[in-house]
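Got chain A sorted already, so can you dock chain B with the ligands onto it with the hints?
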Amino acid sequence: MDKAVSTDKLTKRFGDFVATNEITFDVAQGEIFGFLGANGAGKTTAIRMLCGLLKPTSGSATIAGFDVYRQTEQIKQVIGYMSQRFSLYEDLTVRENIRFYGGIYGLPKTELRRKADEIIQTLELGTVADKLVASLPLGWKQRLAFSVALVHDPRIVFLDEPTGGVDPITRRQFWDMIYEAANRGTTIFVTTHYMDEAEYCNRVSIMVDGRIKALDTPAAMKQAFGVDSMDGVFQILARGTSTK
Amino acid sequence: MMDAIQIEQVSKAFADTQAVSDVSLTIQAGELFGLIGPDGAGKTTLFKILVTLLRPDQGKAVVNGLDVVRDFRKLRPLIGYMPGRFSLYPDLSVEENLSFFATVFGTTIAANYELIRDIYGQLEPFKNRRAGALSGGMKQKLALCCALIHKPDVLFLDEPTTGVDAVSRKEFWEMLHRLNERGLTILVSTPYMDEAGQCDRIALMQTGRILAVDTPGGVENLFQKPLFAVKARDTYRLIQDLRAAPFTETCYAFGEYLHLTTRPSVTAGTIHGYLTGKQHEFVDIKPIKAGIEDSFMALMQDHG
Ligand SMILES: Nc1ncnc2c1ncn2[C@@H]1O[C@H](COP(=O)(O)OP(=O)(O)OP(=O)(O)O)[C@@H](O)[C@H]1O
Ligand SMILES: [Mg+2]
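In order, the protein sequences belong to chains A and B. Residue numbering for the first sequence follows this note's numbering, starting at 1337 and increasing by one per position. Residue numbering for the second sequence follows this note's numbering, starting at 71 and increasing by one per position.
Isolated chain B, as found in the complex:
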């Protein structure tokens, strides 16, 4: 299979920060590839290099067979890019924004309506509203439509679902899968670990470097320590007490439960004993298998 994106030893520095450090990565045509990492990891810089907006200091990147520096003119129409920060014209209406992007690429809304129907349908009741007056999540949806309207081959989405509500996020990913099934290669960054789990492969990035590249299952398997889900009546006190416990490595809130990572060979019984000793009530402890979020947090911490 052809490679859609080849990144070879790419580096980029700004005044006093090394934003991207010797990154090499290959993404196949038709892949849905996730890029995850904390803010400041260099994800956005890497995106900007791949979409021809920034020149790398070193290294080489090729998208769809075209060099991002030398062939940038030819490459531009073949890619769609949704930047992380707001990219719309606040004084233009919803519809005007979209037709603007269509016109720039020599197409029309009607010609590619099929591609954006699912999301744009939700915005159409408000198509005459100024983009500046949209809610945070509505703006994200419009920006995605603008990135798709010229029917690109490769789609670059930099945190497209930040600020998007949980229902729309689900629909959004259903739509990404449909676009992907039509053959579109997608590189997407996200702070949501459930979304990372839906990619074919993911790369974890931190301080300009790639820490790991694997399938979601592979990333989960990187987690090797004992892990427990713990719950009790008083969550706040539970966190405090567990963090102070001699057997604890890390303790983080995970929805209804806390996730507790411990030293080797600690059992639920040990934890239970400790907590009842501290007068906790309704204690519930179960050993669990690490999810992608556990694994990612552990990796971040090990390299932090």
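Next up, chain A with everything else stripped away, as it sits in the complex:
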């Protein structure tokens, strides 16, 4: 079976600055993969290349077997993406956002309606379905954005800090949704700065200054560094030399 993600020396330069530096790794289909790293380590840059949104400077990568240089259209069909800042239209209503995204992926009208009803019901957004997304609390927006990223049943979903700034209960509800999607076979590629969330991943990588410095299961990493939490591992590894 194809790997969900496979990269070889994937690199991105901005002028002289190397944001992502020869990263090589694989993610298996169905895995929850935690993509960790300090601020500026190059995570968002890497994700944008993997989603076919940013052309790599060198190296190669495939997503579900599709090439990130040449097959960006096919990649778009098999992935969902939640960007770090925000991926919904604030001035559209909840229902309109779902229809809009479903429409992009060419879902037929009846399917769109069914999906919209299903998402609104699952997230218990019935009372706000026709309100502007701008008026919703952040946690609701993030859960909606996740559902919208899954609207076309992608094989892989990229989540760039989906729980940043989200309160403790909503953060956990978000992870319940991640677990459910993973349980249905969706590959999850997620970044986070909450180290307790790193524990929920099957494997995690830690990026420092554009490079992947460690990649393993949380248990193996904790053992290798002789600490009892992923926060402990991160504190040891993550501080690079130039990028802070």
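Worth flagging that the hints you see were computed from the coordinates, not collected in a lab. Only a predicted model underlies this, so the values are computations on that prediction, with no experimental measurement involved. Virtual Cβ for every residue (Gly too), placed ideally from N, Cα, C. Heads up, some of the hints might be wrong.
Across the chosen pairs, the derived CB separations fall in these ranges [claimed, not checked]:
# : chain 1 : residue 1 : chain 2 : residue 2 : range
1 : B       : Q128      : A       : L1468     : 24 to 30 Å
2 : B       : K130      : A       : T1463     : 30 to 36 Å
3 : B       : N291      : A       : Q1413     : 50 to 56 Å
Chain B with the ligands alone, transformed into the frame defined by chain A:
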């Protein structure tokens, strides 16, 4: 000791939401005070009132002895404010942003460099980069430097560490403690409960109201139910099974373990029996004392 911030029965409504509801709170000079609560709780509205950007509908707020409505001109230079959402000029460089904020307050980067050295040092290699091209966490660090550069007496930080990595977060809080030791009063909101634990006192806010004000230890002691940390091989199934269990009140993931709140007088033995009955392997159960996150989540739920 003098009060740095006095809030008396402050309320503020927008079109159809009561953002802040009859809030009263006193923060002493030199305190490091935390404000926690879910998004939409009214924290940002309260911040905006205190930093003179919004007028309360009712009530009164005094910062450093100055009324936030009447004396706002005098008050402005004495406070530093870091808004939750991005407050920088994306087309200006890192250094230009900082000197802009310094100039507005009639000072220079050099004059107060000491205050920001720890964080700004990390950004200096990139000082000519456009702020818009910084990573999420780098932007937060720059915004904090901008809020500090005029050496305020009272610092208002609205979720300053959202998006900041775990190492920088630790450094950031070490720096807050140092600023605090120099006498700066700090009011900070945060979604990170480990940070709340580092404050002198914290207030829990939800739907515009303050639910509790206490020291971190005091907040932890509000939690009264039996609490267990539970682990087994298959975490996903473990959550499902525990949530369906007759003895369970709540079950949430907490890093490597799940935290399980149960009805009174449930023992580890009962839970163990139930789980082995469901074919769970490598089951590990231990009674634990509630942390601030457990306590906060319970409070949120009780009032939700
Ligand atoms: N368009 C650009 N031009 C110049 N530099 C850039 C550009 N985009 C990103 N960078 C730089 O590349 C580096 C990596 O940025 P990136 O956003 O990938 O980091 P990140 O790992 O996602 O960090 P965070 O955890 O803070 O979100 C940073 O130093 C950033 O300033
Ligand atoms: Mg990023």
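Do the hints match the structure? See the list:
The hinted range of 24 to 30 Å is satisfied by B/Q128 and A/L1468, whose Cβ atoms lie roughly 28 Å apart. Taken as a hint, the range 30 to 36 Å holds for the pair B/K130 and A/T1463, whose Cβ atoms sit roughly 35 Å apart. Our hint of 50 to 56 Å for B/N291 and A/Q1413 holds, since their Cβ atoms are close to 53 Å apart.
Against the hints set out earlier in the document, no violation occurs for any number.
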